[in-house]
Amino acid sequence: MKDQNKEVLYGLYDDEQDLLKAVKQANEDHLEIMDVFTPFPVHGLDPLLGLEESRLHIAGFIYGAIGTLTAFLFMTWVFTRDWPIIFGGKPYWSVPAFVPITFEVTVLFASVGMVVTFYTICGLAPGVVNPTLDDRITDDKFCIAFNTNDAGEDKVDKLKSFFSATGASEVNTKTI
Amino acid sequence: MNQFTFESKQKNILIGFMVLGLLCLGLNFAFFDDSLHTRFWSNFLHNSVFFTGIAFISLFTLTAFTTAYSGWHTVLKRVWEAYALFLIPGLVLIGILIVGLWGHFHHLYHWADAEEVAKDTIMDGKSGFLNKSWYTFGTLIIVGGWIFFATKIRALSLKEDEEGTSDYKLHKKIRIWSAVFLPIAGFSSAAIIWQWVMSVDAHWYSTMFAWYATCSWFVAAIALTILTLVYLKSKGYFPNVTDEHMHDLGKYMFAFSIAWTYLWFSQYMLIWYANNGEETIYFRTRLDHYSVLFYGNLILNFVLPFLILMRNDTKRKYGTLIFTSILVLFGHWWDFFQMIKPGVLHTAQEALSHGADAHGAEGGHAVEFMMGFTIPGFLEIGIFLGFLAGFLFFVLNRLEKASLEPKNDPYLAESIHHHV
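Line order of the protein sequences matches chains A and B.
Last residue of the first sequence: number 176 in this note's numbering, and the count goes up by one each step with no gaps.
Last residue of the second sequence: number 420 in this note's numbering, and the count goes up by one each step with no gaps.
What the hints contain is simulated information worked out from the structure, not anything from laboratory work.
Bear in mind the structure is a predicted one, so any value in this text is a computation, not a measurement.
One should not assume that every hint holds.
[Unchecked claim] Far from chain B, by Cβ distances over 12 angstroms, these chain A residues were calculated:
{"id": "1", "residue": "Asp-29"}
{"id": "2", "residue": "Asp-35"}
{"id": "3", "residue": "Val-95"}
{"id": "4", "residue": "Val-116"}
{"id": "5", "residue": "Val-129"}
{"id": "6", "residue": "Glu-153"}
{"id": "7", "residue": "Lys-160"}
{"id": "8", "residue": "Glu-170"}
[Stated by the list, open to error] Interface residues of chain B toward chain A, partial, derived using beta-carbon atoms under 8 angstroms:
{"id": "9", "residue": "Trp-264"}
{"id": "10", "residue": "Met-269"}
{"id": "11", "residue": "Tyr-273"}
{"id": "12", "residue": "Phe-323"}
{"id": "13", "residue": "Phe-330"}
{"id": "14", "residue": "His-419"}
The C-beta atom is built at its ideal place from N, Cα and C for all residues, glycine as well.
Next up, chain A with everything else stripped away, as it sits in the complex (with noise of 0.2 angstroms):
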C-alpha cells in the first residue's frame, strides 16, 4: 500500500441485499474483487469472500490460559512464599479464595490482549490514517471495490457494465 497508490474502481449500492447478488454475480464472472465496504456486518458475506474464519480466539484463549496461570501462581507464591498471613483461620494455600480473581484475572487478560491483536492486525492505532473510499459507506451504502492499476480500457468498461447489471447506485474511481 506504501509503494504505491492504489486505483481504485467502486460501486455503491443502497440494500445488502444487491450487494450480496453482485457479489455472487462477480464471482461468477470470475472478476476479482478488492475489497468490500459495509455499514455493519452483512450476514452471509464472509463465505462469498472466501475469507478464513479469524483465529482471533485461538489468541484469545492463549491470553486467558496466560491470565490463568499468571493470577494463580502469582497468588500462590504471594501467599506461600512471599507474604503469608491467615485469613479467618483458613490455610495459607486457600484455593477457593483465589478463583475469583484468577477468573478476572483471565477475562482481563483474554480480553485487553484480543484487543490489541484485534488491532494491530488491522492496522489500527491512535494516529494512523486509513484512507476512505467514500464516508457514506459508514453509514448507509455498501462497497464494492475493484483494483485498476494495470487493467486496461476494456477491463475497466467490463466492471462498470457488471455495476450497472447489478443495480450499483453510484459508481466512481479514486486513487488512495
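Based on the hints, put chain B in the right spot on chain A.
Structure of chain B alone, referenced to chain A:
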C-alpha cells in the same frame, strides 16, 4: 415430514427400557436395601425430581423465549411443549412420594419425624415450612399451577395451527400467559426445590440452592433437547432444524454449564468462607465421604463441557454435540444424586440407630462405602434409563398429537432462516 409417527418399534424399545427400570426398582426394593428401603425411595425421589424438573424448565425456557420476542426456537418449540406436558406424570410421581410421606413408607425427610422435630430446636424452628401439609399443599398447588400453564400454552399453540390469523391474536395470548408464568415460575420453583431436595438435609440451608438446582435442570433439558432433535432429524423429521439451531442449543449448553459452575462455586465459596458449623457440614460430609461424587460432579458438568464446547465447530458437529449432551445429561443426574443421597442416608442411619446421636447434622455418619449412595450403582443406572424411557415415551406420544412445525406461528419464517 411434518407429522410425527410413533412407530411400534420405538414404542417397544422404550417399553423395554421402562420394564428394565421397573425391574431395577423391584430388585432394589426386594434385595438391595435396608429395612427402611432408603435406597429405593431415594432413587425414586431423585429421578422423579430430575425429570419433573426438566419438564418444568422446558416450560420456563419456552415462556422466557416467547416473552423475549425470540424467534429462532420456533421450529423446535413443539419439543419443549411436549417436554412441559411431562409435568402431569411428574405430579403423579411426586404424589407417590406424598402418599409415602403420610403413610410413613419412607424415611427420606428428617423433618417428617414428629418425635425428632420435638427434640430438635433447629428443625422445630423450621417446622412452619418443613411439614407434611406444606409439602403436600405446596406440591399440588405449584405443580398444578405449572400444569395449568403448560396445557394452556400448548392448547393455544395448537389452536394457532388450526385457526391462526394475520393479526396473531392467539400468539399475543400465548405471550400474555407466558409473561404471567415467568414470575410465578421463578418464586414457586425455588420454594418447591427447598421442599423436595434441600430439605433432605433438614438442618442445612443455602440461598443459592434454588438457582443452582434450577440451572442443573436447565442444562439437562437442553442436552436432552439436542439428543431428541438429533434422533428425530436422523429419522427425517424436523428438516428445518439446521446446524444453526444446533449451534445455538450447543451455545446454551456451554453457557449454562458455566452458569451452573458459577452458582455451584458461589454456594461453595460462601459456605467455605463463613465456616458456620451447620452450613459447612454439608460440604465436609461430601468432601470426606463422597469425594467421587463431589469431584466427579465438577469434572462432568464443568471441566469436560467447558473444554469440549469451547471451540466453534464442536457446537456444530453432531459427534461432539451428542457426546457432550450425553455427558452433561448424565452429569446433572449425578449432580442431583449428590444433592439427595448423603442427606437421605444420614437421616436413615439416624432413624435405624434410634437417635443414638441426637444432634443430627453435627455428627458425621458411617464412612464405609455403600453402593447406591457413595456412587450410583447398576441399579441406579437401570432406574435412570427406565425413567428416561418413560419420559421419552410420553414426549413422543405428545409429539405425535400435533404437527411438528407450528405453521401459523408469526416467528416461523424467522426461525427457518435463522443464521448465527
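Hints and how they fare:
Non-interface call for Asp-29(A) relative to chain B: holds, since the shortest CB-CB distance, roughly 26 angstroms, exceeds 12 angstroms. Every CB of chain B is more than 12 angstroms from the CB of Asp-35(A) (nearest about 23 angstroms), matching its label as outside the interface. A beta-carbon of chain B comes within 12 angstroms of the beta-carbon of Val-95(A); the shortest separation is about 10 angstroms. Val-116(A), annotated as away from the interface, keeps every beta carbon of chain B farther than 12 angstroms; the closest lies near 21 angstroms.
Chain B leaves Val-129(A) outside its interface by the beta-carbon criterion, the shortest separation being 34 angstroms against a cut-off of 12 angstroms. Distance check for Glu-153(A) against chain B: the nearest CB is about 41 angstroms away, which clears 12 angstroms, and the non-interface claim stands. For Lys-160(A), the requirement that its beta carbon stay farther than 12 angstroms from each beta carbon of chain B is met, with the minimum near 33 angstroms. No Cβ of chain B approaches the Cβ of Glu-170(A) within 12 angstroms, the least distance being about 29 angstroms, so the stated non-interface status holds.
Proximity of Trp-264(B) to chain A is violated relative to the hint, the smallest CB-CB distance being about 11 angstroms (cut-off 8 angstroms). The closest approach between the C-beta of Met-269(B) and any C-beta of chain A is roughly 5 angstroms, which is under the 8 angstroms cut-off, so the hint is satisfied. Hint on Tyr-273(B) holds. Least Cβ distance to chain A is approximately 7 angstroms, under the 8 angstroms limit. Against a cut-off of 8 angstroms between C-beta atoms, the interface hint on Phe-323(B) is violated, since the closest Cβ of chain A lies about 21 angstroms away.
At its closest, the beta carbon of Phe-330(B) sits 25 angstroms from a beta carbon of chain A; the interface hint therefore is violated under the 8 angstroms criterion. Interface restraint check for His-419(B): the shortest CB-CB distance to chain A comes to about 5 angstroms, inside 8 angstroms, so the restraint holds.
Of the hints listed earlier, those the structure fails to meet are numbers 3, 9, 12 and 13, in rising order.
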